[in-house]
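Q: Spelled out, the chains give:
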Amino acid sequence: MPMAIITLTTDFGEKDHYAGTIKGEIYSELPDAKIVDISHSVSPFNIPEAAYIISNSYSSFPKGTIHVIGIDSELNKENKHIALKLDDHYFICANNGIMSMICSEIVPEKIVEINIHDKIESSFPVLDVFVKVACHIARGGTLEVIGKTIDDIKPIKNLIPFVNEEKNQIIGSVIYIDNYGNVVSNINRKFFQAIQKGRSYEVYARSYKFKTIFNKYSDIVNFDLPSEKRNDEGKGMVVFNSSNYLEIAVYKGNPDNVGSASSLMGLQLLDTITVNFMKD
Amino acid sequence: MPMAIITLTTDFGEKDHYAGTIKGEIYSELPDAKIVDISHSVSPFNIPEAAYIISNSYSSFPKGTIHVIGIDSELNKENKHIALKLDDHYFICANNGIMSMICSEIVPEKIVEINIHDKIESSFPVLDVFVKVACHIARGGTLEVIGKTIDDIKPIKNLIPFVNEEKNQIIGSVIYIDNYGNVVSNINRKFFQAIQKGRSYEVYARSYKFKTIFNKYSDIVNFDLPSEKRNDEGKGMVVFNSSNYLEIAVYKGNPDNVGSASSLMGLQLLDTITVNFMKD
Amino acid sequence: MPMAIITLTTDFGEKDHYAGTIKGEIYSELPDAKIVDISHSVSPFNIPEAAYIISNSYSSFPKGTIHVIGIDSELNKENKHIALKLDDHYFICANNGIMSMICSEIVPEKIVEINIHDKIESSFPVLDVFVKVACHIARGGTLEVIGKTIDDIKPIKNLIPFVNEEKNQIIGSVIYIDNYGNVVSNINRKFFQAIQKGRSYEVYARSYKFKTIFNKYSDIVNFDLPSEKRNDEGKGMVVFNSSNYLEIAVYKGNPDNVGSASSLMGLQLLDTITVNFMKD
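Note that the protein sequences, when read in sequence, are chains A, B and C. For the first sequence, position 254 matches number 254 in this note's numbering, and the numbering has no gaps at all. For the second sequence, position 266 matches number 266 in this note's numbering, and the numbering has no gaps at all. For the third sequence, position 32 matches number 32 in this note's numbering, and the numbering has no gaps at all.
Pairs count within a copy or across copies, as identical chains cannot be separated in the list.
As a list, the in silico BS3-like pairs of lysine-lysine whose alpha-carbon atoms are at most 30 Å apart:
id : residue 1 : residue 2
1  : 77        : 216
2  : 85        : 132
3  : 132       : 63
4  : 157       : 252
5  : 110       : 148
Source of the hints: derived by calculation from the structure; they are not laboratory data.
With these hints in hand, go ahead and build the complete structure from the sequences.
A: Structure below.
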């Protein structure tokens, strides 16, 4: 059996020694481990961001992969450590809502509250606890050995968009802003289509209104015009992004110069994105 | 035969899940793959930057390495996907000029326009197309199987500096600004020397004039003076950098505090760098 | 014998091709090498930062690991290249003080001044020299072959905090600010306790005074209050951090929004941190 992959998703940043230390410790325990960075640039303590990143990347890894998520992971009476088996993947993190995005789609096969902590208080639990658990699982160990089974995890709020009683409006919110400044809502394609039932729609973000949801960014370009007559770059648009979330985007946006959906339209995390469905 | 290396050069940034997703997908197809990040911090959609980065790093990898370049890679009628074999390396990218810097030096052995796309439109072509092609090549597959041969790639402008009719002036431009704020021109040593023919010269950048091109940064230091009497740090200078491009630099520059060539001299991408050659 | 791990700690940044080039070169020489990034985001030319990062991460790697440190590494008459064996780890860097933090705790087994340089001047010594030395060591080569033994390395100043004559005051300084904006002093737990001898104390940073040093960040939270009545987030505190240095921290600090110890208290690199010990 080949060694399992261990992925890392943290808010350690790119500069500090934390991620390097974690890797050294894993290689010391498991010389043949394959460690993959998913992200170390989650905003500090930002649980919804981490939830979005891990839920959109975990399933591209092989079954059996072990995902270590180090965000707000200090152990205290309100923030316990958990390990999950779900969709044939393993997740090790704090019970702080990070897993609620994935768990709202797929029921975990097993959840344990980790209880291997020694008496020593640790300010670096990813190193002192999560790595030990990851190596245990990588060696073929079971979850039961390192924790006691629990039934449920802590949810995070505002994950699921609101639908009005008449079922003609979705009120979602911004959950992520990506490297291109594109603004991702919590409205996914499946949810949208279940409410839409084929009706036409309008998407509202602040004072902006959109009547089309594209499948890719360059669909907004009018290729019939010669390129010097086009003005598609920098124009707002709506797509279902590659993770199938409704996204307010700007074609070829760049936060550092021409501007992005976030900067040009003033859209921030937690802002409201509304979809109105028309009468047939 | 050992598994080929697959390198990644993208504008995905350090935070989002895109690079992690790509890696998961490659490991799912090729458990023994060796994936190396060259850069995920190319400025969004910045083709010249990507061209500079890949042209200065690819050849340090072993022959047979597969380079995936994910910059402005969405497929549309004006932006096709290509795969190249050149210098015994493989490159997979959009036909948007990224390869024109390398191809201006070395003629590709083979170029194909990729035609394995399904009917589904993709807003994440690096995942949906480039990874498939990379894994195909890594397994020993040929380019002919995944595309139809084409003769040439799309060039980018302003790559080659201009030389006046009298052959006593090179007019180049800034193509890259590095992590130290050093300002890299498109004038490489070979090109410079071919025009120079041994003559003395002056390098102009904005209102600054330089009469010496150094081989390393600390060559500007006057080691005969005691260190407290030196004022070399923060001083402008010209070097041929480690990639053999003429570079306006500042000794021990740091954009975040003491300043850099870019910040101190106000030099930006696309600014003009001129070299005048003297009469003998 | 498995191939040794080679770690990289540099100020190359995340964007440029330098780190990718280094990795390509190592894989070209040693196809089975395992390369681990510790950090490429050390501030340009910042030797104390690099010293802090490497001293807090190296020992988590297996014995025999080779650590390449590329900070201010251009060779000149005042900045020689060295290789060290210490604590069964190897280090390759410039003799500019980077190793003085580790060497103040552990005496090196062997130090050599590298003398394998060709006549060609190099502006990329990490590529042209350090990689060669790392591969030599990884293949089982000895330090004697690539350099001449020297007795000592160059120290950096201000590493060790000052203690007054009465032994009732430690005057330390800020040596690192981490990704969470927490402010790390040069006062480590062992040093602190040796002076403290069990006495009570007050820690001063600018106009702030602290009477407790915590072991983890959430120790400041009053879990007896209902969560809506707490105001622990954003509050200053002192901990011995996971590297055992005295640190001025803010619970759940984030430089980008709520603020951090550095931003909220105006604490910068080199600022003074004082500890006063009380009469018994």
